[in-house]
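Q: Residue numbers (our numbering), protein chains in the order written: chain Z, 1 to 535; chain G, 1 to 312.
Because the hints were derived from the structure by calculation, they are not lab data. The beta-carbon is built from N, C-alpha and C at its ideal position, and this holds for glycine as well. Fair warning: there could be bad hints in the mix.
To be verified - Simulated coverage check for chain Z against chain G, where a stretch passes if three residues somewhere in it have a Cβ under 8 Å from a Cβ of chain G:
(1) 25-37
(2) 351-358
(3) 432-439
To be verified - Only part of the chain Z face toward chain G is listed, based on derived beta-carbon distances under 8 Å:
(4) Phe-4
(5) Leu-58
(6) Lys-205
(7) Thr-361
(8) Gly-363
(9) Ser-365
(10) Leu-366
(11) Ala-368
(12) Asp-369
(13) Tyr-393
(14) Gly-455
(15) Lys-456
(16) Ile-459
Claimed, not checked - Computed cross-link-like contacts, DSSO-like style, restricted to lysine-lysine with a CA-CA straight-line distance of at most 30 Å:
(17) G:Lys-5 with Z:Lys-213
(18) Z:Lys-453 with G:Lys-223
(19) Z:Lys-456 with G:Lys-221
(20) G:Lys-12 with Z:Lys-453
(21) G:Lys-221 with G:Lys-17
(22) Z:Lys-456 with G:Lys-12
(23) Z:Lys-95 with Z:Lys-213
(24) Z:Lys-199 with G:Lys-296
(25) G:Lys-17 with G:Lys-223
(26) Z:Lys-531 with G:Lys-5
(27) G:Lys-12 with G:Lys-296
(28) G:Lys-111 with Z:Lys-453
(29) Z:Lys-213 with G:Lys-221
(30) G:Lys-221 with Z:Lys-531
(31) Z:Lys-531 with Z:Lys-453
(32) Z:Lys-8 with Z:Lys-43
(33) G:Lys-223 with G:Lys-296
(34) G:Lys-17 with Z:Lys-453
(35) Z:Lys-80 with Z:Lys-213
(36) G:Lys-296 with G:Lys-113
(37) Z:Lys-213 with Z:Lys-199
(38) Z:Lys-68 with Z:Lys-80
(39) Z:Lys-95 with Z:Lys-68
(40) G:Lys-5 with Z:Lys-311
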Amino acid sequence: MLHFERWKIILVALVCFAGFAYSAPNFFPKDSLADMPAGLPDKQVNLGLDLRGGSYLLLEVDIDAVMKDRLQSLVGDIRKALRDEGIRYTGLGVKGDVATVRVTDAAQLDTAMQQIRDLSTLVNGGGFSTTPTRDIEVSNQGNLISVAVTDAARLSRQRSAMQQSIEIVRRRIDALGTTEPVIQQQGADRILVQVPGLKDPENLKNLVDQTAKLTFRLVNNSANAQQAMQAGSVPAGSEILYMQDNDQQPVLVERQVMVGGDHLTDAQPGFDSRTGEPVVNFQFDSTGSRLFGDVTRNNVNRPFAIVLDGKVISAPVIREPITGGQGQISGNFTVAEANNLAILLRAGALPAPLDILEERTVGPSLGADSVAAGEIASLIGFAAVIVFMALIYGFFGVLANVALIINVALIMGVLSLLQATLTLPGIAGIVLTIGMAVDANVLIYERIREELKAGKSVIAALEAGYSRALSTILDANITTLIAAIVLFQLGSGPVRGFAVTLAIGVVTSVFTAFTVNRVFVATWYQRRRPKTLNL
Amino acid sequence: MRHLKLIPSDTKIPFIKFRHIAVGVSILLIVASAVLTMMRGLNFGIDFEGGILLEVATDGPADIGGLRTRLGSLGLGEVQIQEFGEANDVLIRVQTPDEGGNDASQAVINKIKAALGEGVEYRRVEVVGPQVSGELIQSGVTAVILAIVLMLIYIWFRFEWQFSLGSVLALVHDVALTIGVFSFLQLDFSLQTIAAILTIIGYSMNDTVVVYDRIRENLRKYKRMDLGELVDLSINETLSRTVMTSGTTLLALFSLYIFGGEVLRDFTFAMIFGILVGTYSSIFIASPLLLYIGVKRDWSGTGDAKVQQAKG
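Turn these sequences into a full structure, and let the hints guide you.
A: Now the structure itself:
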């Protein structure tokens with residue numbers, strides 16, 4: 001146990017040196033690291049949101065809304081298909097999660113079923129199956145036809161809605177210009193968003209939880225919105241929407257979308273040249289320009305509603321045909337609102353609404369306070385343990401303390417190298433590790449004391465101390481490691497950071513307390529060859 | 001140079017003699033914890049109950065009464081307001097609205113912000129919806145049970161089933177008492193508490209394993225010694241280590257408790273309590289339990305013993 005080959009000592013020294021080298025960048029200001037020569041470690045520990053401030057959002061994509069949309073458009077397709085074939089029907093609509101329609105003439109049932117079946121497209125089978133399957137399933141009970149969306153289609157919709165949502169959320173957050181945002185899928189229908197160092201976390205929420213579906217629709221002038229609402233007689237093909245800046249003021253808007261936000265190629269915040277109020281300037285693609293030109297040409301002097309997520313932003317009257325494909329949205333915006341709207345329009349609409357399931361935002365001051373408190377607590381805890389060990393074990397305590405310092409350097413080095421996230425509970429994990437890391441040395445030293453008392457020679461007692469304590473040390477540390485791994489599976493964010501430092505600390509402490517410390521003691525013994533041991 | 005000694009070298013404390021009392025007291029405390037937890041309940045944080053939490057720093061010392069009236073009139077249901085560490089630091093907690101989903105929660109936050117006006121700093125905003133809190137409860141309970149089961153299997157694998165059972169009963173004891181004290185003091189029971197409990201499980205097991213290791217060693221060494229005597233000897237032999245390690249760990253944790261800031265306080269408290277209980281249980285519960293369960297005396301011929309000898 002006390003004999004080391006030269007190469008083993010060199011290896012141990014190298015590992016310790018690497019620990020110091022990789023933890024070193026944490027003691028320099030971040031700016032100075034950029035000037036470091038290439039090849040030297042320059043990575044700092046990645047601080048968690050609870051330490052540097054920032055926002056954590058767990059979002060859920062509303063898949064049911066996607067499916068509802070799909071069924072609605074299916075109903076539209078069925079209507080068109082049956083009309084084109086001259087098939088008479090009643091009761092076309094959505095019931096639960098199927099679309100149903102009753103064919104009036106039983107003789108036309110087969111044709112109708114065939115027409116509806118022809119609407120289906122192929123999608124990739126769900127799960128492990130790669131054979132394409134139909135996206136809808138058509139069945140009938142007498143003259144009543146039900147059309148259901150297949151599981152495979154549902155899965156494929158869900159997958160594409162997720163991908164699209166993540167992409168759009170990413171574009172929106174990137175527009176904020178923050179560094180290192182994390183946007184990743186979690187489970188089948190959730191998106192995890194972590195954005196560090198935000199000055200205004202509230203704005204982040206405004207940016208991600210809006211669908212941002214923009215439509216241009218004509219205002220129905222045939223009736224007064226207020227009266228239509230009171231009379232309960234909204235003209236067919238129109239609906240009542242409210243103004244975005246005044247939810248008491250209804251507007252009667254036609255359902256037909258003249259131009260959609262998907263035709264936008266650009267949107268930028270700006271100011272109106274006459275009034276100076278904040279506006280958003282937009283640019284359509286060629287199809288959008290043509291559509292927009294046609295509508296404005298045919299409807300001069302009619303109000304044209306700009307609708308965002310079911311609210312009317314504004315409904316300006318068309319003065320003249322707009323053919324260049326450029327336009328301006330005004331709506332009593334503040335500068336910030338115009339900015340946000342431009343970002344939302346540029347990034348595109350979400351395929352489905354996003355719900356915020358969980359939000360955790362930490363302000364920069366709390367983060368800084370936590371870092372300071374964590375640093376003080378670590379230093380004091382560290383100092384207390386070191387003094388205690390020295391008092392109890394004297395010279396050997398000092399050797400254990402050197403191993404402990406190397407241990408902390410290794411933990412910081414591994415954290416920096418792996419770019420693992422250090423959280424406030426993670427700091428607690430390091431402090432706890434400092435307290436528990438000396439356990440291995442305590443086990444060894446106590447064992448050596450016992451062996452000495454049993455009358456063994458110094459070298460025999462040292463040998464026995466290290467060898468007999470090993471299996472105990474391993475057993476004892478594996479139990480902590482098991483707890484840390486379970487914790488890692490359980491937790492997200494801060495708590496996971498605790499599991500990470502605890503697990504790293506267990507591994508490094510066995511190395512420093514058992515191996516590094518043993519190298520020290522062995523070297524010391526070979527130089528001094530003491531006859532007695534002051535332990 | 002003479003070193004400080006916390007524990008004299010040759011203790012012969014008859015731990016086994018106290019086993020009936022210790023086990024009796026522990027059973028009583030476990031029952032008390034269970035009853036307390038059921039009657040009084042736990043003060044669940046928003047992790048497990050859902051809700052909205054704001055940590056707010058005011059300019060001067062916070063006027064908690066004034067805040068209570070101002071926020072109480074908003075019709076947000078029950079509003080909890082408490083000082084958090086400093087006089088100008090306040091925690092505000094309200095329930096998430098039953099209906100309206102996410103927008104409703106955001107609306108509540110906006111109402112609170114409007115009521116508090118300018119001049120306050122929002123240090124922390126947390127919203128946990130009912131769906132997530134349900135999942136967190138589930139994964140928290142699963143994690144604790146999983147950790148205990150894994151320990152059971154590991155000790156079974158490394159020792160014998162008697163040891164495994166003894167150590168796991170001691171773990172259940174530690175977890176039960178920790179939950180009990182959280183109920184008694186009505187401390188915030190959150191995801192961090194679960195993390196603390198898992199750490200306690202790891203630590204307590206660590207402590208128990210050290211004593212068990214010594215018992216196993218002595219079982220091989222002293223084949224004829226009375227089991228009670230042998231357990232006593234083993235506990236006494238390892239007592240110095242047990243106290244030392246608990247000592248250094250507690251030193252580190254106390255430093256964290258005092259200087260580590262308000263956010264970590266309940267978390268650290270749970271660990272300090274758990275380490276005290278865990279140390280107690282490995283001495284007074286886990287080892288004496290072996291006497292009730294009984295252990296295999298002949299360790300000489302087993303494969304396990306050979307592995308051990310080969311290693312040593």
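Q: If a hint holds in the structure, say so; if it doesn't, say that too.
A: We went through each hint and held it up to the structure:
Counting residues of the stretch 25-37 of chain Z whose beta carbon lies closer than 8 Å to any beta carbon of chain G gives 0, which falls short of the minimum of three for the stated coverage. Counting residues of the stretch 351-358 of chain Z whose CB lies closer than 8 Å to any CB of chain G gives 4, so the stated coverage by that chain holds, three being the minimum. Counting residues of the stretch 432-439 of chain Z whose beta-carbon sits less than 8 Å from any beta-carbon of chain G gives 6, enough to reach three: the coverage restraint holds. At a threshold of 8 Å, the smallest CB-CB gap from Z:Phe-4 to chain G is about 19 Å, leaving the interface hint violated.
At a threshold of 8 Å, the smallest CB-CB gap from Z:Leu-58 to chain G is about 7 Å, leaving the interface hint in force. With its C-beta approaching chain G no nearer than about 7 Å, Z:Lys-205 sits inside the 8 Å limit, and its interface hint holds. A hinted interface residue such as Z:Thr-361 counts as satisfied when its beta carbon comes closer than 8 Å to some beta carbon of chain G; here the least separation is about 4 Å, so the hint holds. Annotation: interface hint on Z:Gly-363 holds; nearest CB of chain G at approximately 5 Å, less than 8 Å.
This hint holds: Z:Ser-365 has a C-beta 6 Å from the nearest C-beta of chain G, less than the 8 Å allowed. With a least beta-carbon distance of about 4 Å to chain G, the hint placing Z:Leu-366 at the interface is held under the 8 Å criterion. At its closest, the beta carbon of Z:Ala-368 sits 10 Å from a beta carbon of chain G; the interface hint therefore is violated under the 8 Å criterion. Taking 8 Å as the C-beta contact cut-off toward chain G, the hint placing Z:Asp-369 at the interface holds, the least distance being around 7 Å.
At a threshold of 8 Å, the smallest CB-CB gap from Z:Tyr-393 to chain G is about 6 Å, leaving the interface hint in force. The closest approach between the C-beta of Z:Gly-455 and any C-beta of chain G is roughly 14 Å, which is over the 8 Å cut-off, so the hint fails. Restraint check, Z:Lys-456 versus chain G: the minimum CB separation of about 14 Å is more than 8 Å; hint violated. For Z:Ile-459, the interface hint is violated, since its Cβ never comes within 8 Å of a Cβ in chain G; the closest pair sits about 17 Å apart.
A distance of roughly 74 Å separates the Cα atoms of G:Lys-5 and Z:Lys-213; the hinted pair therefore is violated under the 30 Å criterion. With a C-alpha separation of about 22 Å, the suggested pairing of Z:Lys-453 with G:Lys-223 holds against the 30 Å cut-off. Of the pairs offered as hints, the one joining Z:Lys-456 and G:Lys-221 holds, with about 17 Å between alpha carbons and a cut-off of 30 Å not exceeded. The straight-line distance between the Cα atoms of G:Lys-12 and Z:Lys-453 is roughly 16 Å, inside the 30 Å bound, and the hint therefore holds.
Straight-line distance between C-alpha atoms of G:Lys-221 and G:Lys-17 comes to about 23 Å, which keeps the hinted pair within the 30 Å bound. As the CA atoms of Z:Lys-456 and G:Lys-12 are separated by approximately 22 Å, the hinted pair is consistent with the 30 Å bound. Taking the CA atoms of Z:Lys-95 and Z:Lys-213, the gap is about 26 Å. The hint holds against a cut of 30 Å. As the CA atoms of Z:Lys-199 and G:Lys-296 are separated by approximately 65 Å, the hinted pair breaks the 30 Å bound.
This hinted pair checks out: G:Lys-17 and G:Lys-223 have alpha carbons roughly 21 Å apart, not beyond 30 Å. A hinted pair counts as satisfied when its Cα atoms are at most 30 Å apart, and Z:Lys-531 with G:Lys-5 qualifies at roughly 22 Å. With a C-alpha separation of about 24 Å, the suggested pair G:Lys-12 and G:Lys-296 falls inside the 30 Å cut-off, and the hint holds. Under the criterion of a C-alpha separation no larger than 30 Å, the hint pairing G:Lys-111 with Z:Lys-453 is inconsistent with the structure, at around 72 Å.
Between Z:Lys-213 and G:Lys-221 the CA atoms are separated by roughly 79 Å; this puts the pair beyond 30 Å, and the hint is violated. Our distance criterion of 30 Å between C-alpha atoms is met by G:Lys-221 and Z:Lys-531, whose separation comes to about 28 Å. A C-alpha spacing of about 14 Å is found between Z:Lys-531 and Z:Lys-453, which places the hinted pair at or below 30 Å, so the restraint holds. For the hint pairing Z:Lys-8 with Z:Lys-43, the CA-to-CA distance comes to about 28 Å; that is within 30 Å, so the pair holds.
Between G:Lys-223 and G:Lys-296 the CA atoms are separated by roughly 11 Å; this keeps the pair inside 30 Å, and the hint holds. This hinted pair checks out: G:Lys-17 and Z:Lys-453 have alpha carbons roughly 27 Å apart, not beyond 30 Å. Restraint check: the Cα-Cα separation between Z:Lys-80 and Z:Lys-213 comes to about 25 Å, which is no more than 30 Å; the hinted pair holds. Proposed proximity of G:Lys-296 and G:Lys-113 is contradicted: the alpha carbons are some 67 Å apart, above 30 Å.
With a C-alpha separation of about 27 Å, the suggested pair Z:Lys-213 and Z:Lys-199 falls inside the 30 Å cut-off, and the hint holds. Simply put, Z:Lys-68 and Z:Lys-80 have alpha-carbon atoms about 19 Å apart, close enough for the 30 Å limit, and the pair holds. At most 30 Å may separate the alpha-carbon atoms for a hinted pair to count; Z:Lys-95 and Z:Lys-68 meet this at roughly 10 Å. For the hint pairing G:Lys-5 with Z:Lys-311, the CA-to-CA distance comes to about 76 Å; that exceeds 30 Å, so the pair is violated.
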